[in-house]
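Chains as they are written, first to last, in my numbering: chain A, 2 to 366; chain B, 2 to 366.
These are calculated hints, taken from the structure and not from any lab test. Check before you lean on any hint, since a few could be wrong.
Listed next, the in silico SDA-like pairs over lysine to any residue satisfying Cα-Cα at most 20 Å (straight line) [as the list claims (entries may be wrong)]:
#1 B:Lys147 / A:Val319
#2 B:Lys177 / A:Gln3
#3 A:Lys8 / B:Lys177
#4 A:Lys301 / A:Lys8
#5 A:Lys177 / B:Gly7
Okay, here's what each chain looks like letter by letter:
There are 2 protein chains.
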Amino acid sequence: MQKRIGKQTVRLQTPVSILATASTVGQKEGDGPLGAYFDVVEPDSMMGEDSWEKAESRFVAKNMELALKKANLEAAQMDYVLCGDLLNQCIGTTFGIKDFGIPFLGLFGACATVGEAMSVGSMLIDGGFAEHILCGASSHFCSAEKQFRFPLPLGIQRPQSTTWTVTGDGAMVLAKNKTGPFITEITTGKIIDMGVTDANNMGAAMAPAAVDVLLSHFQDTGRTPEDYDIIVSGDLGSVGHQIVIELMQKEGYDMQNRYTDCGLKIYDPNTQDTHAGGSGCACAAVTFCSYFYPQLKEGKLKRMLFLPTGALLSADSVQQKLPIPAISHAVVIESALPNERNEKRNEKRNEKRNDERKSGQVNTV
Amino acid sequence: MQKRIGKQTVRLQTPVSILATASTVGQKEGDGPLGAYFDVVEPDSMMGEDSWEKAESRFVAKNMELALKKANLEAAQMDYVLCGDLLNQCIGTTFGIKDFGIPFLGLFGACATVGEAMSVGSMLIDGGFAEHILCGASSHFCSAEKQFRFPLPLGIQRPQSTTWTVTGDGAMVLAKNKTGPFITEITTGKIIDMGVTDANNMGAAMAPAAVDVLLSHFQDTGRTPEDYDIIVSGDLGSVGHQIVIELMQKEGYDMQNRYTDCGLKIYDPNTQDTHAGGSGCACAAVTFCSYFYPQLKEGKLKRMLFLPTGALLSADSVQQKLPIPAISHAVVIESALPNERNEKRNEKRNEKRNDERKSGQVNTV
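Just chain A, same shape as in the assembly (with noise of 0.2 Å):
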């Protein structure tokens, strides 16, 4: 079988199944419209610790112990452990996972990084590489804006355009299993740099990444919108999530009915002050693993484009007035197996006809 479906997207073999994921998240994050699909929500963003950056690596090292927890697995059974984070020289990872004893292959994709995980895990799963692997990211909005942006005790006013940085950490358990959902198709981004320089409008610089990720998805398995249920961006918030719809309008691909973004999802606009949306790796990552991950699990969703947006900027190429450069990596998301789809909506039909024959409605053929 060619699992090469175009030049930058691959169709796995065997699909991969997401046995279990895990969120943990800080308070804001709960207090927002997702707080009740959390599995954690941490009062104290500190989580004990003397300073962001080792908070942020409790956030990673309690939730990935979760995730495995809720795939009955042990941290011995992974083959490997895939994640990153936004910390200078990934710290938030390392010191969060270093106990763990997992061989570990660490990502750096800034905010795109959970959509990378699960592109390589699955690809290593399919390829008879591993049974099992845990991936995830993370991010904290205190370790992101210090490095990033201005000490937080300055206080410093923030533009309509910026993003706030999630808390949290995203984790999931791939593995070669029958259990749904299962991830189908990858479609690996390209570095796309148009420019933008307003570290304050991440969103803009970031929708060129997810257009050119989206028009590579659709060229390379010849679909459309239409053909996903849902089409879910990473952190562009509401300026990057209207430059996407616009600019695929241009494409002409109509993105409006079935497109949002996780960075729309997660905060208030209304109450909670983070003007554009959220952000972080944490944002795409516990988005998916709480809320969206459970619909698939249903069977609520069937077919899902996940597209994790980063910014690869840092401090030093901001000041260096350097543009910022963008990448998406959108992967396949299905319920069931095609045949086990088939299965099912057989079973709903037959349903259907059992339910209009008793009622007297139609006559069986």
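Dock chain B against chain A, hints included.
Below, chain B without anything else, positioned relative to chain A:
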């Protein structure tokens, strides 16, 4: 065929060809013992740029273009580019490769990055997801000193246990191809934290990670050091190299005669004032690409165990007095496939017999 041959090791079903390598370094590296082996020695370590970070990106861009050229391939023929560096948010990589238009999977493995790139790259090719992958790693003395230690103009005295970050980029093209040398096995490392906190003694911090991956590799494969023509760690320098020999001795493995370290090869300790040796992502990458690869290509080395080593620290983690966790990823590279090796051995034996026959030393059987 079973690809997983132990807890941490996989054996590729179809060994992956290292089609070509390229190495571009700064003048100090060019003045060292390996000077004649590098493809390009850049006399200006600023590369005409106005910042060290931008200079590092120029090393990445120029050298990766050279690797493509040496492989007689275009960027458009690469299915993925896998690479990383030491800078915050890996901007050396991002701004180096951003215009290549190749689907990008960013890696962070500190100075073990080139080993991680070779590992993931060869698994993606053997798994059927790619034909060609560009991979590599970079570092720059000035950008690394500024970020991890002290501003260079301060002229801070360096302890004898410090190593010197290599300026340069090492890159290679991996391919589904029948030309050796080949990557045949991969042992992915775990994070090892022995509590070392001295950021001026990275060799001591990383040596236990090298030992851990060596022990895992020998256990998984049933081999001993004698099964390799050479075993090469990434950037442990003289201090870490000696620790590895001693720790392995305690475990019953004699490493003395066939073990070296890229950090020991790249500078002349007597004339170059680099103290414990070379380090940085580029140390293992350029030494492999320039010095060891040709020896594998020519068959002078038949089987090499290459284990780049990485210290997973940041300036923040050091300031917060956290220990320095480390990781090492081992890759087996063989000059020819087993059956080719046998054929070559037979050829040589036959030649020898013919020579002996001609000189009347032996009778044919």
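Q: Quickly compare the C-alpha distance for B:Lys177 and A:Gln3 to 20 Å and report which way the hint goes.
A: holds (14 Å)
Q.
For A:Lys301 and A:Lys8, compute the direct alpha-carbon distance and say whether it is at most 20 Å.
A. violated (31 Å)
Q.
Can you confirm whether the C-alpha distance between A:Lys8 and B:Lys177 stays at or below 20 Å?
A. holds (17 Å)
Q | Given hint B:Gly7 paired with A:Lys177 - CA-CA distance at most 20 Å | A | Holds. A:Lys177 to B:Gly7 sits at ~17 Å (cutoff 20 Å).
Q: Below or equal to 20 Å on CA atoms is what counts here, so check B:Lys147 against A:Val319.
A: holds (17 Å)
The structure does not agree with numbered hint 4 stated previously, though it agrees with all others.
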